[in-house]
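Here is what each chain is made of, one letter per residue.
Protein chains: 2
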Amino acid sequence: MTKLAQTPEPPYYAVIFTNQRTDVVEGYGDTADRMVELASQQPGFLGVESVRGEDGFGITVSYWESEEAIANWRRHAEHGEAQRAGRAQWYAEFFTRVAKVERARSFTRKD
Amino acid sequence: MTKLAQTPEPPYYAVIFTNQRTDVVEGYGDTADRMVELASQQPGFLGVESVRGEDGFGITVSYWESEEAIANWRRHAEHGEAQRAGRAQWYAEFFTRVAKVERARSFTRKD
Numbered sequence: 003m004t005k006l007a008q009t010p011e012p013p014y015y016a017v018i019f020t021n022q023r024t025d026v027v028e029g030y031g032d033t034a035d036r037m038v039e040l041a042s043q044q045p046g047f048l049g050v051e052s053v054r055g056e057d058g059f060g061i062t063v064s065y066w067e068s069e070e071a072i073a074n075w076r077r078h079a080e081h082g083e084a085q086r087a088g089r090a091q092w093y094a095e096f097f098t099r100v101a102k103v104e105r106a107r108s109f110t111r112k113d
Numbered sequence: 003m004t005k006l007a008q009t010p011e012p013p014y015y016a017v018i019f020t021n022q023r024t025d026v027v028e029g030y031g032d033t034a035d036r037m038v039e040l041a042s043q044q045p046g047f048l049g050v051e052s053v054r055g056e057d058g059f060g061i062t063v064s065y066w067e068s069e070e071a072i073a074n075w076r077r078h079a080e081h082g083e084a085q086r087a088g089r090a091q092w093y094a095e096f097f098t099r100v101a102k103v104e105r106a107r108s109f110t111r112k113d
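Protein sequences appear in the order of chains Y and V. All you need for my numbering is the position in the first sequence, starting with 1, plus 2. All you need for my numbering is the position in the second sequence, starting with 1, plus 2.
To be clear, the hints were calculated from the coordinates, so they are not data collected in a lab. One should not assume that every hint holds.
Intra- or inter-copy, both count: the list cannot distinguish identical chains.
In the SDA-like style, the derived pairs of lysine to any residue whose C-alpha atoms are separated by at most 25 Å in a straight line are [said to hold, decoys possible]:
(1) K112 - R76
(2) K112 - R23
(3) K112 - Q91
(4) K5 - Q22
(5) K112 - D57
(6) K112 - A90
(7) K112 - T24
(8) K112 - A94
(9) K5 - R54
(10) K112 - A73
(11) K102 - E67
(12) K112 - E28
(13) K112 - A41
(14) K5 - D113
Could you build the full structure based on these sequences and the hints that come with them?
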């Protein structure tokens with residue numbers, strides 16, 4: 003199964019979350035999995051792509067129909083708890099960027 | 003050194019390149035390194051963040067001052083050669099999304 007998000011034609015929105023993990027492992031994996039599950043249940047969710055390297059640097063990009071959908075997800079109570087725990091324990095630093103996707107191209111190998 | 007791009011205040015542009023590698027190793031690493039070096043020399047380049055997981059799924063986000071800067075980089079001859087080789091050999095599938103970053107927040111742990 004592809005790990006690429008199968009998004010519709012633009013325009014739509016992307017939240018680009020780039021981050022460096024701390025060494026704190028406890029609770030992280032379960033919470034990260036839960037946030038993907040929970041985000042995917044929100045209105046306006048279009049998909050998510052995520053990868054983490056061995057050095058603890060990671061990028062997660064989630065896609066949304068509208069700025070309102072992003073605002074609702076940002077205010078979700080359980081997401082808020084996870085964000086607080088992330089700042090307290092799991093992340094050394096991060097950037098969150100909200101961007102409007104204006105165009106997209108995809109490629110799939112023909113074998 | 004942080005792997006996070008230290009971008010200026012929005013607005014600016016992001017090129018979100020998400021991709022699944024093939025098993026073809028030959029030439030890939032050198033070309034990928036060269037493209038980062040070359041991109042960083044282009045007018046309007048603001049930074050790049052990149053990570054690849056053990057399963058060959060990767061995300062690279064590059065940041066640019068303007069759509070014109072992105073268009074110039076897309077048309078760069080050596081970049082064009084690398085893109086052709088990527089489609090021919092190195093990528094099973096990919097998405098390239100161009101997005102306008104409208105707002106950003108960052109966090110750095112205080113220790």
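Tested hints:
{"no.": "1", "hint": "K112 - R76", "result": "between (39 Å within a copy, 23 Å between copies)"}
{"no.": "2", "hint": "K112 - R23", "result": "between (37 Å within a copy, 14 Å between copies)"}
{"no.": "3", "hint": "K112 - Q91", "result": "between (44 Å within a copy, 11 Å between copies)"}
{"no.": "4", "hint": "K5 - Q22", "result": "both (21 Å within a copy, 8 Å between copies)"}
{"no.": "5", "hint": "K112 - D57", "result": "between (33 Å within a copy, 20 Å between copies)"}
{"no.": "6", "hint": "K112 - A90", "result": "between (46 Å within a copy, 10 Å between copies)"}
{"no.": "7", "hint": "K112 - T24", "result": "between (40 Å within a copy, 12 Å between copies)"}
{"no.": "8", "hint": "K112 - A94", "result": "between (41 Å within a copy, 9 Å between copies)"}
{"no.": "9", "hint": "K5 - R54", "result": "both (13 Å within a copy, 12 Å between copies)"}
{"no.": "10", "hint": "K112 - A73", "result": "neither (39 Å within a copy, 27 Å between copies)"}
{"no.": "11", "hint": "K102 - E67", "result": "both (10 Å within a copy, 15 Å between copies)"}
{"no.": "12", "hint": "K112 - E28", "result": "between (42 Å within a copy, 20 Å between copies)"}
{"no.": "13", "hint": "K112 - A41", "result": "neither (32 Å within a copy, 29 Å between copies)"}
{"no.": "14", "hint": "K5 - D113", "result": "within (19 Å within a copy, 35 Å between copies)"}
Of the numbered hints given earlier, the model fails hints 10 and 13; all others are met.
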